[in-house]
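Given only the sequences and the hints, what does the whole structure look like? Please build it.
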Amino acid sequence: DSGVTQTPKHLITATGQRVTLRCSPRSGDLSVYWYQQSLDQGLQFLIQYYNGEERAKGNILERFSAQQFPDLHSELNLSSLELGDSALYFCASSARQGLATEAFFGQGTRLTVV
Amino acid sequence: SQQGEEDPQALSIQEGENATMNCSYKTSINNLQWYRQNSGRGLVHLILIRSNEREKHSGRLRVTLDTSKKSSSLLITASRAADTASYFCATDAGQGAQKLVFGQGTRLTINP
Chain A
1 DSGVTQTPKH
11 LITATGQRVT
21 LRCSPRSGDL
31 SVYWYQQSLD
41 QGLQFLIQYY
51 NGEERAKGNI
61 LERFSAQQFP
71 DLHSELNLSS
81 LELGDSALYF
91 CASSARQGLA
101 TEAFFGQGTR
111 LTVV
Chain B
115 SQQGEEDPQA
125 LSIQEGENAT
135 MNCSYKTSIN
145 NLQWYRQNSG
155 RGLVHLILIR
165 SNEREKHSGR
175 LRVTLDTSKK
185 SSSLLITASR
195 AADTASYFCA
205 TDAGQGAQKL
215 VFGQGTRLTI
225 NP
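Line by line, the protein sequences are chains A and B.
All the letters of the first sequence, read from the start, carry residue numbers 1 to 114 under the working numbering.
All the letters of the second sequence, read from the start, carry residue numbers 115 to 226 under the working numbering.
The hints are all genuine.
Computed far set for chain B versus chain A, every beta-carbon distance over 12 Å:
#1 Asp121
#2 Ile127
#3 Glu129
#4 Glu131
#5 Thr134
#6 Thr141
#7 His171
#8 Gly173
#9 Lys183
#10 Lys184
#11 Ser187
#12 Thr191
#13 Ala192
#14 Thr198
#15 Ile224
Listed below are several chain B residues computed to face chain A (Cβ distance under 8 Å; list not exhaustive):
#16 Gln147
#17 Arg155
#18 Gly156
#19 Leu157
#20 Leu162
#21 Lys213
#22 Val215
#23 Phe216
#24 Gln218
It should be emphasised that the hints constitute simulated quantities derived from the structure, not laboratory data.
We treat Cβ as the ideally placed atom computed from N, Cα and C, and that holds for glycine.
See below:
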C-alpha cells in the first residue's frame, strides 16, 4: 500500500459527460501529480500541484482541469468526454516540490467512456 | 514526446536467469528512477540513481547510469515468476523540473 488513495477505482460514463477523479496523497506529502496511461500513449504527465498551487503542466487537454485543496487532496475534472479519454488515470505524491525523491502512486482510476 | 525510451519493449526469460533492461533519455537529468507496474495496477518505485552516481544496488536489482551516453540499465538477477511486470524508467528532465517523464516501458515475462 503506497498510502495514496484514488477514488473511484472504476468509472464508466458516456461521451459528452463530466467526471471527477479524486486523490488523497500520502500523509505529509505536499506534491500531487496526475498521469494518464493509455495503451498507445504510455504514461503521460498531465499536471502537478504543490501545496495548493499549480507547479507544472504537461499534455493536459483544455477539457481537463485539476485543483489541490487546502487539505492537500486533489481532484481531476474531465469534461466533454470522448472515447479516446478512456484510460487509467494515476495520481502520485511526493514529499517535496521537486523530484529528488521517489513518487508514490495510487492504484489508479480506470475510466471507460462509452 | 517521451524523455525516456526503454529497450527492449518486451523481454521473456526463464526463471532464474538475469534480465537486463535499458533506458535512454534525451536531456540532462538530476536523477533517474525505475518503477515497476503489475498489470493494470499502480507503479511501484524500485530505485533512484542520481546524476553523479554510476551504479546502485538494491537487493536483486542493479542500476547503472551513464550520463555521457544518456542511458541507464536495470539488471534483475536470479529472476522469479513474481518479477513479471512492466518496468519503466523515469527522469526529472533537468534543472527545475517538476515532473517525472516516463518511457514506454519494458514488459518482462518470467517463465517458470
